[in-house]
Amino acid sequence: MSTFAVTGGPCATYDPSSGAWLRFDGFVVSDGRIASLDLREAGRDIPVVDLDGRALYPAFADCHVHLTDTGLFLGPYDFSAVRDAASYARQIAALPRGAFVVGGNYDESHWDDGGSASAAPIDAHHPDAIAMLARVDGHSCVLNRKALAFADLPPELPGIERDVDGTPTGRLFLEANWRAQSAILGALPAEAKRAADRRATQTALREGALHLHVQLVGLGSHDAYRAEIAALRDAGAAKWHPKICEREPAFARDLGLPYVGGDVFLDGSIGSGTAAVSEPYHDRDGCGHLMHGDDEVERYFADAEALGISAGVHAIGDRAIEQCIAAWERVLGGRPSPRNRHFIEHFEIATPAQIARCAHLGIFLSMQPQFDAYWGFPGGMYDVRLGAPRARTMNALASAKRAGATLVGGDDSPVCRLSPLDGMRAACAHHNADERLDVEDALLMYTYDAARFGHAEARTGRLAPGLAADFVVLDGDPIAQRTFEGVRVAQTWSDGTCVAELR
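Everything in the sequence shown is counted per UniProt numbering, starting at 1 for the first residue and increasing by one.
It is possible that part of the hints are untrue.
[Stated by the list, open to error] Label pairs and their calculated CB-CB ranges: (1) Ala120 <-> Arg299: 39 to 47 angstroms; (2) Ser17 <-> Asp84: 20 to 28 angstroms; (3) Asp84 <-> Pro338: 36 to 44 angstroms; (4) Ala433 <-> Asp165: 23 to 31 angstroms; (5) Arg253 <-> Ala433: 37 to 45 angstroms; (6) Thr3 <-> Thr351: 47 to 55 angstroms; (7) Gly98 <-> Gly218: 36 to 44 angstroms.
I should point out that these hints are in silico values taken from the structure, not numbers from a laboratory.
Where is the CB? At the ideal position from N, CA and C, for every residue including glycine.
Can you build the whole structure from these sequences, using the hints too?
Below, the structure is given as structure tokens:
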């Protein structure tokens with residue numbers, strides 16, 4: 001149907017001119033775009049999509065997705081439910097045999113026995129495969145002996161764990177982790193990766209995540225990045241925002257992309273003990289690692305600003321966040337960019353002063369509220385790694401909003417479940433009540449402000465005449481209910497076509 005009306009349930013959209021969410025009874029769609037929010041303009045005898053009492057909102061975005069990894073780590077390859085070393089070994093034993101065995105999402109911070117992931121069961125059950133398991137945050141992994149040999153890592157490379165005899169254990173961190181993951185994932189057959197992309201895309205669409213900001217990390221050559229971006233066209237009916245996670249603004253410009261970066265790592269992760277923090281970790285030595293020098297970061301930002309490309313980095317620890325903000329202050333002269341929307345991914349351990357400086361500079365904060373739901377509760381991994389006082393200040397969503405910063409939401413899938421609604425639920429249920437968002441601000445993170453983050457607000461992100469008919473139909477109405485609890489996605493629509501429906 002090229003023209004039809006949508007009615008029969010409450011509709012809601014953000015109105016930037018008033019700064020409020022508007023409620024209305026339906027709208028008219030023509031040729032994939034919204035023609036009018038006034039049903040009286042529908043005309044006679046046009047088809048009608050009846051919401052049957054369900055609520056309708058703009059389609060959701062997920063502003064930080066690792067698409068191929070999400071698809072690869074589904075089903076038996078998903079180790080997120082493992083709770084001890086014995087079940088870890090049993091799941092490894094049950095994995096299908098093959099030339100490559102790749103799984104992920106294990107998280108020892110949830111294990112009941114205090115154990116840790118090791119290579120021993122991988123070597124025992126898959127000695128002839130190139131086998132690798134990636135930790136839930138992706139910042140460390142475990143390889144069997146054959147995979148270690150395949151990765152062919154230089155012995156002096158940082159991040160190779162060794163036993164007392166100096167023999168590699170198979171556990172990798174830092175640069176060794178990224179080199180090994182890139183080598184092994186890069187060697188997977190192309191069809192296996194494309195099938196994983198299709199599985200992940202269908203998962204996203206069923207969760208209402210139409211707009212996907214895909215992090216493309218460690219692909220090496222420009223041709224490999226071009227091929228990966230081209231492959232997204234065949235992954236499914238999502239709307240794609242590919243992020244080249246390299247310090248190459250000129251390459252992004254040549255590809256016609258308005259942004260670059262994302263997972264350009266200034267530091268590591270809290271779970272792997274590699275996030276760069278100013279005070280030592282509580283459960284291990286050291287303060288993590290900065291992965292680039294100040295001059296490198298400043299040069300990357302200056303190149304992006306000069307070319308009109310919005311640039312981003314991964315910064316979790318306060319020391320990495322400080323390196324980022326200080327570089328932007330030097331490049332921008334302490335003022336917001338007049339044309340770009342620069343951004344920081346994760347922004348977990350930020351001080352109030354750092355939040356205020358980001359708001360002043362107009363830096364977009366791409367954050368993952370589910371991190372708090374997974375690890376921020378009392379006694380959780382953040383408490384263990386960093387101590388309760390520091391953990392209480394983390395993922396400071398409401399503080400950033402009060403300071404005037406723009407927040408956008410993602411799930412860092414497969415780190416967290418690819419579900420914007422889960423992200424919104426987590427944003428409204430932060431373990432620190434002072435950092436909870438209200439329902440409307442949580443929705444903004446995944447709709448209109450996410451569209452601005454993608455330089456797409458002139459095309460989508462809200463419901464208004466002339467914009468794409470991109471929307472989700474929900475069982476449950478979060479604004480009316482004042483909660484996301486019990487809300488689920490029933491349908492996802494793109495350009496006036498239903499692309500996913502839950503029966």
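Going through the earlier hints one by one, which of them does the structure break, listed in rising order? Per hint list: 2, 3, 4, 7 violated.
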